[in-house]
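Number of protein chains: 2
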Amino acid sequence: MNLILLFKGDFISKNKARLEGRRLKHILEVHRVATGEKLRVGLSGGLIGIGCITCLNNTSLEMDVSLFNAPPAALPLTLILALPRPKVLKRVLLSVTAMGVKRIFLLNSYRVEKSFWQSPVLEPESIQRQLVLGLEQSRDTILPEVLLKPFFKPFAEDEAPILIKDTLPLVAHPAAQTPCPRNVGQPVTLAIGPEGGFIPYEVDKLTSCGFHAVHLGERILNIEAAVPSLISRLF
Amino acid sequence: MNLILLFKGDFISKNKARLEGRRLKHILEVHRVATGEKLRVGLSGGLIGIGCITCLNNTSLEMDVSLFNAPPAALPLTLILALPRPKVLKRVLLSVTAMGVKRIFLLNSYRVEKSFWQSPVLEPESIQRQLVLGLEQSRDTILPEVLLKPFFKPFAEDEAPILIKDTLPLVAHPAAQTPCPRNVGQPVTLAIGPEGGFIPYEVDKLTSCGFHAVHLGERILNIEAAVPSLISRLF
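Residue numbers (this note's numbering), protein chains in the order written: chain A, 1 to 235; chain D, 236 to 470.
Incorrect hints may have been included.
Label pairs and their in silico Cβ distance ranges [stated by the list, open to error]: (1) A:W117 to D:P389: 49 to 59 Å; (2) D:R253 to A:K165: 50 to 60 Å; (3) D:E348 to A:K8: 27 to 37 Å; (4) A:R103 to D:N418: 51 to 61 Å; (5) A:E29 to D:L382: 30 to 40 Å; (6) D:D393 to A:K14: 51 to 61 Å.
Here are a few chain A residues that face chain D, going by a calculated C-beta distance under 7 Å [said to hold, decoys possible]: (7) N2; (8) A98; (9) K102; (10) N108; (11) R111; (12) P179; (13) I220; (14) S229.
Hints are computed from structural coordinates only; laboratory data are not their basis.
Even glycine gets a Cβ: it sits at the ideal position worked out from N, Cα and C.
One chain only, chain A, in its complex shape (with noise of 0.2 Å):
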């Protein structure tokens, strides 16, 4: 946790925040702060600053904080990501909040399997958890915007032409002839397939609607290395 983030409902008057729970015992076991030291914290949607420990005990924590610095640049990126298995949801919901991304529809493909669908990672409040978790790694407040889309063709059909414009729209395919271009300067909309990758169906539909293929080279890696990678590159 390099940044605690804060929601207004923390808040016990205009500039001091109590704490309990998750956050106060991170706190606790990790960072072994005193009353008069002070947290780097960061309220959601808004500010960063720092939070003065007025007052600290195992059930709760108070602060007096000043927020003062705007949050690190997001990236100009449109992440499209068929729909990882449960756990390496999590996982990537967590780092590509970290790396500045800040919207992210989640998609259906043949290769995904039906039963993610049902996964309670994909409730509202698990999700937000692994959001906050990347805002707090990467000392960030803005949260991401996830959208579900469990049909693939009016997606590809109806949405994502309109989702594109003025972006370099990429489709990551092992089988494309291209390889992804590097540090482009320029807002990407980048659509990844599941394990197994998007069959070629999909992958007609989204070049037919403007998306480019692109690869990453021979190696297929694994959702976890190939998201951060492909993000790595293009920015």
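Once you've looked at the hints, dock chain D against the given chain A.
The following block gives chain D in isolation, referenced to the frame of chain A:
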């Protein structure tokens, strides 16, 4: 499993291999192939080719094996990784193996919890399991070498200066002034700290022996995102 990795012990004659256990289970449940069908295979330490299934039931599979292609090129990268916590280590070993890293040092650091060195994940069979999963993921056959370095100082003073010869030696450090270079086109030795980073003494030790401190931007990434991001940016 994008490639079935075979070992010499799997061969019952010159060109015939027999599989049981994990690989058979995966082939039955995921590949769902039948007698006469072909699978992509590779010989550990050797070539890649095709296995044509001659006999298949619930307890064993036999295949005629033809090997004819070289595995994908290795990355010219020596990775020095402060030992992550065990669960993260497992995933990182898989990911970096899939990316083509062939030499991995697991190093102690002030912020590595001592208990991590006692984890069963560090036993040779457990490490080997993750490496094999990484090779199967990326259709490679060359197992990386993983070396444990539980003492920072002698490693940094005596071994690192030899290791980095004829390479670009980099230490990832969020407080560095220089951004991590891109697409360097030369061999690299890359050191990556633990959660919380190398302490200043450790960074000084590494830079005084020749490492350049570089950052990935103002966001501090989790190890699982930082490692593929750095590698993908360098190559």
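Verification of the hints:
1. Taking the beta carbon of each, W117 of chain A and P389 of chain D are about 52 Å apart, inside 49 to 59 Å as hinted.
2. Between R253 of chain D and K165 of chain A the beta carbon distance is about 55 Å. The supplied range of 50 to 60 Å therefore holds.
3. Against the hinted window of 27 to 37 Å, the Cβ-Cβ separation of E348 of chain D and K8 of chain A comes to about 35 Å, which satisfies the hint.
4. A hinted range of 51 to 61 Å for the beta carbons of R103 of chain A and N418 of chain D is inconsistent with their spacing of about 27 Å.
5. Between E29 of chain A and L382 of chain D, the C-beta spacing of about 31 Å keeps the proposed range 30 to 40 Å intact.
6. Taking the beta carbon of each, D393 of chain D and K14 of chain A are about 57 Å apart, inside 51 to 61 Å as hinted.
7. Annotation: N2 of chain A was flagged as interfacial toward chain D, and the flag holds, the nearest CB pair being 5 Å apart, inside 7 Å.
8. For A98 of chain A, the shortest C-beta to C-beta distance to chain D is roughly 5 Å, which falls under 7 Å, so the interface hint holds.
9. At a threshold of 7 Å, the smallest CB-CB gap from K102 of chain A to chain D is about 13 Å, leaving the interface hint violated.
10. Annotation: N108 of chain A was flagged as interfacial toward chain D, and the flag is violated, the nearest CB pair being 19 Å apart, outside 7 Å.
11. About 11 Å separates the beta-carbon of R111 of chain A from the nearest beta-carbon of chain D, more than 7 Å, and the hint is not met.
12. Of the supplied interface hints, the one on P179 of chain A is violated, with its beta-carbon coming no nearer than about 11 Å to a beta-carbon of chain D, more than 7 Å.
13. Taking 7 Å as the C-beta contact cut-off toward chain D, the hint placing I220 of chain A at the interface holds, the least distance being around 5 Å.
14. With a cut of 7 Å, the hint placing S229 of chain A at the interface with chain D holds, because the nearest CB-to-CB distance is about 4 Å.
Hint check: violations occur at hints 4, 9, 10, 11, 12; the rest are consistent with the structure.
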